[in-house]
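> Protein chains in written order, with the UniProt record's numbering: chain A, 1 to 305; chain B, 1 to 482.
Check the hints yourself; a few may be wrong.
[Said to hold, decoys possible] Covered by chain B, per the in silico footprint, the following chain A stretches (three or more residues, Cβ under 8 Å): (1) 18-28; (2) 98-111; (3) 238-248; (4) 285-296.
Note that these hints are calculated values from the structure, not bench results. All C-beta atoms, glycine included, are put in the ideal place defined by N, C-alpha and C.
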Amino acid sequence: MEELDAEISSVRAEIENLRKRKRFLTSSLLSSEPIQTRLASAKQAAASSAVELDVSPLIETADAHVSVNHHRIAFSTTTFPFHDPSPHADDASLLGVRIDICRRTGHFTKPYYILLKREGNKKDTTNRVGKRNRDPPRLRVHRHTIPAFIPLDSLAEIYLPSQAAHHKSSREDSDEEELKPPQTRKQDLPAFVREIRRELVAWHLRLDAVEFLKEELAKHTESIPAESEGERIVSLAATALEARYIRLEWADGRVGRFKVSDSGRVERAVVIGDSGRDKALEYALTGGDARVESVLNRLLDTVVK
Amino acid sequence: MARGKTVRVPTAASLPNNLRIPSTTPILTKTLGRLSRQVLIDLVLEWLDDRNVQSFRPYLAQDEAEDRDDNDEASPYAAAKDIEEVRETYRELQDRKGGKREVVEQILDGDWRHGITLRQLAMVDLRYMEDHPASLRWTALELSRIVAEDGQDSSATRAADISACVPRIHAAMFLSNLQREVSSLVKAHYHLVRSKTLPLTFLRILVTDSPYQNSRSNPGTLVDSSRVLYVAFPDSCPYIYTSISSSTGPKANPRFATDTRTLQQIVRDAIPKALSQQQQRLTLKATSLTAKSLQALLALRGPGRSNAANGAFSIFADAALEGSPLDPRPSHTVTPEDFLQQQQQQQQETQKSNNQSSTENTVTTTRTNDFDDSSDSPAKKRRLAVHTRFGTAGMALSPLNAPLDRLDIRLLDPHHDTPATTPSSSHPTLSLTFSGADVIGGFRKLADLGILQPDRIPAWMTGEEAVSVAVVKGGRRVPKDG
Chain A
1 MEELDAEISS VRAEIENLRK RKRFLTSSLL SSEPIQTRLA SAKQAAASSA
51 VELDVSPLIE TADAHVSVNH HRIAFSTTTF PFHDPSPHAD DASLLGVRID
101 ICRRTGHFTK PYYILLKREG NKKDTTNRVG KRNRDPPRLR VHRHTIPAFI
151 PLDSLAEIYL PSQAAHHKSS REDSDEEELK PPQTRKQDLP AFVREIRREL
201 VAWHLRLDAV EFLKEELAKH TESIPAESEG ERIVSLAATA LEARYIRLEW
251 ADGRVGRFKV SDSGRVERAV VIGDSGRDKA LEYALTGGDA RVESVLNRLL
301 DTVVK
Chain B
1 MARGKTVRVP TAASLPNNLR IPSTTPILTK TLGRLSRQVL IDLVLEWLDD
51 RNVQSFRPYL AQDEAEDRDD NDEASPYAAA KDIEEVRETY RELQDRKGGK
101 REVVEQILDG DWRHGITLRQ LAMVDLRYME DHPASLRWTA LELSRIVAED
151 GQDSSATRAA DISACVPRIH AAMFLSNLQR EVSSLVKAHY HLVRSKTLPL
201 TFLRILVTDS PYQNSRSNPG TLVDSSRVLY VAFPDSCPYI YTSISSSTGP
251 KANPRFATDT RTLQQIVRDA IPKALSQQQQ RLTLKATSLT AKSLQALLAL
301 RGPGRSNAAN GAFSIFADAA LEGSPLDPRP SHTVTPEDFL QQQQQQQQET
351 QKSNNQSSTE NTVTTTRTND FDDSSDSPAK KRRLAVHTRF GTAGMALSPL
401 NAPLDRLDIR LLDPHHDTPA TTPSSSHPTL SLTFSGADVI GGFRKLADLG
451 ILQPDRIPAW MTGEEAVSVA VVKGGRRVPK DG
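Bound conformation, chain A alone (with noise of 0.2 Å):
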């Protein structure tokens, strides 16, 4: 009993995957090239002679995903609007930015996302409509996936500074407030989203860096040769999650650390053993190129030189 019991989940999960394998397969096909310059040929040819066409809608959804897919790969930031569904919400249309980056193996990570507000209550949004052309909306960040240890609120403060941060600090010159414009540092969002992929980027490289230097390490180990035992690394890892700081641990019982920069160099190092640190091994890893990659090619030097 228990046996058909399992040989039923299993054909079960088995027409699961060629069902998903199958719509895998036709969103490909619809959204390959070829079929897509036929129909728009076809397309064309239906406008001129004003007959009918039957197009079902997974091919035309399919030609606007695919051209999406194309905006998120070659532009890597792209925007998208979402509707809040709260019903409490006072303003229920957000700007979401949608930023994909990829990684060292090809592929791509989760997407991350910003969803931005506009800012202001009834009464700006009237003065808005009425001048929207000079004045951008004022935006502000609502919900965000970015995690914790990018400075998120810190550059938010920089590049979208606040209408109510500003209404604090120029009170003094309400009176004039309806006159003329009020003297607010402007909002700047593609910088803002800029920085913010810069930090995100940089810190999926320091991964990347990481994981191609455990890689290397099976390399590094083999050739050192036998008799200098001691040199060899036992340990190579990230101290934290953001990989700011890479932590070494010798056979010999010495530990280091070394910060990697934004561009991917060797900034400062430090190796400390039994007898108090070792400058040679420090100077090894923050000399040459510092390129943070060839980290361990300049240990191995030291070792064999």
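With chain A fixed as given, assemble chain B onto it according to the hints.
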């Protein structure tokens, strides 16, 4: 062998790791008995490990020879000759079935009859906590920078702000700072350990007494669990979690009191000071989140993606809205469950543990591709509405599941029957408390069953605010300081 009488001098040092609590202290049996037999034996074998055995030396035959003249009563447990023999005893216990009582007795009356050290006790407590993640209530606090009063930041400090938004915590440095802060007022024992299962570092602080009182006369105070407080440091985020549930901010104590709460308060107030560095003073801010599950705290106030994207927005945190840009499937034809499963499978593949059974388990067998078909049945409409409001919150499959065990809401809205034209009358407020294993998950189920109307419930019911205590007006959360 007449030993010189020990001279006791009051010191400001912390309680040493090797301070032994007499194994005859009755509460020790209870403390050790909280662990299961298997875990207890594991722990003992960890004590007897070559790296640790110096700190946790068991009672051996040579000790017995020294003690013979001042201790006449024979113990039923023969002292072991060397450490290997002790290890063998516990390995035997491990292979054999039996109650945990015999293990506890073997420890207290046998191999550690000379006393359990404070460090051993701390390890027992932490092991219990790891095995019972819901045994404590944790409060999340935010570490925030104290900005100078004038608010005139130079651009140099601004730049420093950006690069270091998360305070770096160096454990040994932090402990010595903390000790310096509290030593004149509090006598304590500190135990710092990395969690085995979660990205956290636990600090267990046993606050015994002020140094002006003699604690050694009563060893029971060293075992008293009400004197223990825990602080957990999650990786890479500006939050800490504590097991103390008192209000933030230093309370003015009119007179010097040495009850445990005050002492704990002193320690808690010292934590941000100990974490501060020069030119970078930190303070703790309340974040309105208290929960039993550390998993929930990590999801809502942790290093990950879901701190500021919950409830309806959890589809973004879980990336269940759309696939990678290389995915040819239009996103509305793929269920969020599929996206989550796909992510799980990718994770499994990267962990190189792609055994057949685990992939079979993640496949939901009942679900068909009903996102495609255009049936407008009310059940399906409701399911879509629930999904719109709750996102992936409260879904079992979601990796960011954050069960809140308690949700306190204070409603400031005026009651419908009272006319709003009388400003003199006091505003009646309504306090709601929900408790259960997973409050938000429960709301979702109610909405699934059609008891709650998914399109009309306020955002705090969907977990969007990510708090466990909130003041609500007009369906929206009112910030505390506003």
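> Next, verify each hint and record whether it holds.
Results for each hint:
no., hint, verdict
1, 18-28, "holds (count 6)"
2, 98-111, "holds (count 5)"
3, 238-248, "holds (count 3)"
4, 285-296, "violated (count 0)"
Hint 4 alone, counting from the list given before, is not met by this structure.
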